[in-house]
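*Asks:* So you can see what is in the structure, the chains are spelled out below.
Number of protein chains: 2
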Amino acid sequence: MLSIVLIGTGNVAQQLHAAMSNNEEVKIIQVIGRDKKKLAPFNNSLKTATGYESIADADIYIIAVNDDSIATVSQHFTNKSGLIVHTSGSMPLSVLPTSARRGVFYPLQTISLDRKIDFSEVPICIEAEKSEDYKLLKELANAISDQVQIMTSDQRKAVHLAAVFVNNFTNHLYHIGNEICNEAGVPFTILNQLILETAKKATQTPVLKAQTGPAIRNDKHTMKKHSELLNNKDYREIYSVLSNSIQKTHGKKL
Amino acid sequence: MLSIVLIGTGNVAQQLHAAMSNNEEVKIIQVIGRDKKKLAPFNNSLKTATGYESIADADIYIIAVNDDSIATVSQHFTNKSGLIVHTSGSMPLSVLPTSARRGVFYPLQTISLDRKIDFSEVPICIEAEKSEDYKLLKELANAISDQVQIMTSDQRKAVHLAAVFVNNFTNHLYHIGNEICNEAGVPFTILNQLILETAKKATQTPVLKAQTGPAIRNDKHTMKKHSELLNNKDYREIYSVLSNSIQKTHGKKL
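Protein sequence lines, in the order shown, are assigned to chains A and B. With the working numbering as the guide, the letters of the first sequence map in order to residues 20 to 273. With the working numbering as the guide, the letters of the second sequence map in order to residues 20 to 273.
Everything labelled a hint here was simulated from the structure, so no lab data went into it.
Copies of the same chain look alike in the list, so a pair counts if it works inside one copy or between any two.
Within a straight-line C-alpha distance of at most 27 Å, the following computed BS3-like cross-link-like pairs (lysine-lysine) qualify: (1) K252 with K239; (2) K228 with K56; (3) K135 with K228; (4) K243 with K267; (5) K244 with K267; (6) K228 with K244; (7) K55 with K66; (8) K46 with K149; (9) K228 with K57; (10) K149 with K99; (11) K252 with K228; (12) K154 with K46; (13) K55 with K135; (14) K267 with K252; (15) K219 with K135; (16) K56 with K66; (17) K243 with K228; (18) K267 with K228; (19) K99 with K55; (20) K99 with K46; (21) K46 with K135.
From just these sequences and the hints, can you work out the full model?
*Replies:* This is how it looks when you write it as structure tokens:
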């Protein structure tokens with residue numbers, strides 16, 4: 020069984036904790052977090068600590084703190100013999116101290132506390148420097164997920180950027196759709212099936228072929244009417260920039 | 020049983036035809052299309068016509084042609100006693116001849132021929148001018164869908180615009196994510212779960228609350244790195260315009 024020390028009390032830490040609880044192959048033996056209150060949810064079943072004075076010995080130390088704190092926090096683990104990993108998509112492996120056995124354990128999912136995540140479906144992107152560390156990380160990742168992907172820091176950075184487009188930016192487009200519906204007095208839920216089908220399609224057929232709408236048809240009349248309908252200047256700009264990019268992608272001129 | 024004449028042979032016409040086949044409450048009695056070849060799929064079970072000389076008498080005439088042709092095509096039905104409807108999201112009811120009983124029957128879904136659609140889940144937005152015509156359209160819509168929504172031409176226009184954001188533009192963001200993955204040598208399928216969960220979340224919880232990512236965190240360092248990673252100038256502009264709009268929406272400054 021792999022022994023884990025988890026550092027952090029935020030979304031990622033809590034979701035990992037949930038995924039690793041009652042797991043036969045992994046055991047979190049300690050959770051470290053600065054804020055006593057935030058440690059409270061972990062208190063019942065686990066040893067917790069608010070500082071780095073008495074870090075337990077573990078096979079793997081998972082640093083699940085925000086990107087800017089990874090470098091500082093990881094300095095407390097340089098004399099440990101276990102593997103130190105962070106969980107960030109955008110930070111390279113090299114942010115961890117060179118003197119340590121180091122790696123990355125990045126769960127690729129939109130993680131928020133109010134939604135229970137089925138971790139078995141979440142891809143875990145792993146990186147290490149030695150084959151035995153890869154073996155260890157694979158064991159850890161396989162214990163909670165069916166999808167484990169080895170990738171370099173550069174590849175992970177690219178995937179993280181792609182995730183910003185398909186998750187963060189897409190969600191903002193949903194928000195704009197929501198606002199347009201609200202203003203027109205139509206329930207946003209009318210778009211539910213369209214949103215779900217668009218997503219499902221993207222996972223099953225080539226997205227380039229799935230492109231529809233006024234931009235790819237070069238339907239200038241509809242595009243003009245749409246632009247006039249948008250009261251918000253930023254939304255008009257988004258409409259124009261995205262339509263333009265769709266037309267360039269598909270070899271058409273605005 | 021409602022008798023239907025279907026005008027058009029494109030995606031919408033074919034999907035409606037499929038949804039209305041073997042339906043106990045609706046019967047398509049004729050399909051009209053200019054192109055003999057495109058009428059072929061309808062030939063087996065139905066009367067077809069390439070012109071408007073011998074239009075069958077029906078309860079409802081569904082004009083499922085492209086937006087620009089609706090006005091012209093509908094002129095052939097002015098002396099009919101049945102209800103004439105078009106299927107367009109962006110065209111008003113008033114594009115149909117005033118002398119006719121007229122309405123709109125707009126299925127809100129991304130319709131492409133290569134995907135079988137479960138019409139029972141597709142919202143049908145209907146509009147008419149008289150209560151008996153609303154009754155007729157409801158009957159037709161309920162025969163193929165569980166979600167029927169009455170809306171005005173202005174509301175439908177707004178919904179159509181919202182659909183461009185959540186479907187067309189979202190699909191383009193998927194395409195950009197796909198390209199970024201390709202360039203990095205990572206399979207796009209790694210984003211499947213993220214894409215599906217983002218969509219599912221939007222249908223279940225408020226999208227405004229679901230917003231995550233570097234823009235809402237005002238993580239300037241990551242945003243700068245992302246911008247540098249993007250080789251395509253248009254994608255950089257999309258990144259910047261969307262990040263800016265997210266920050267304004269959530270009261271932050273770039």
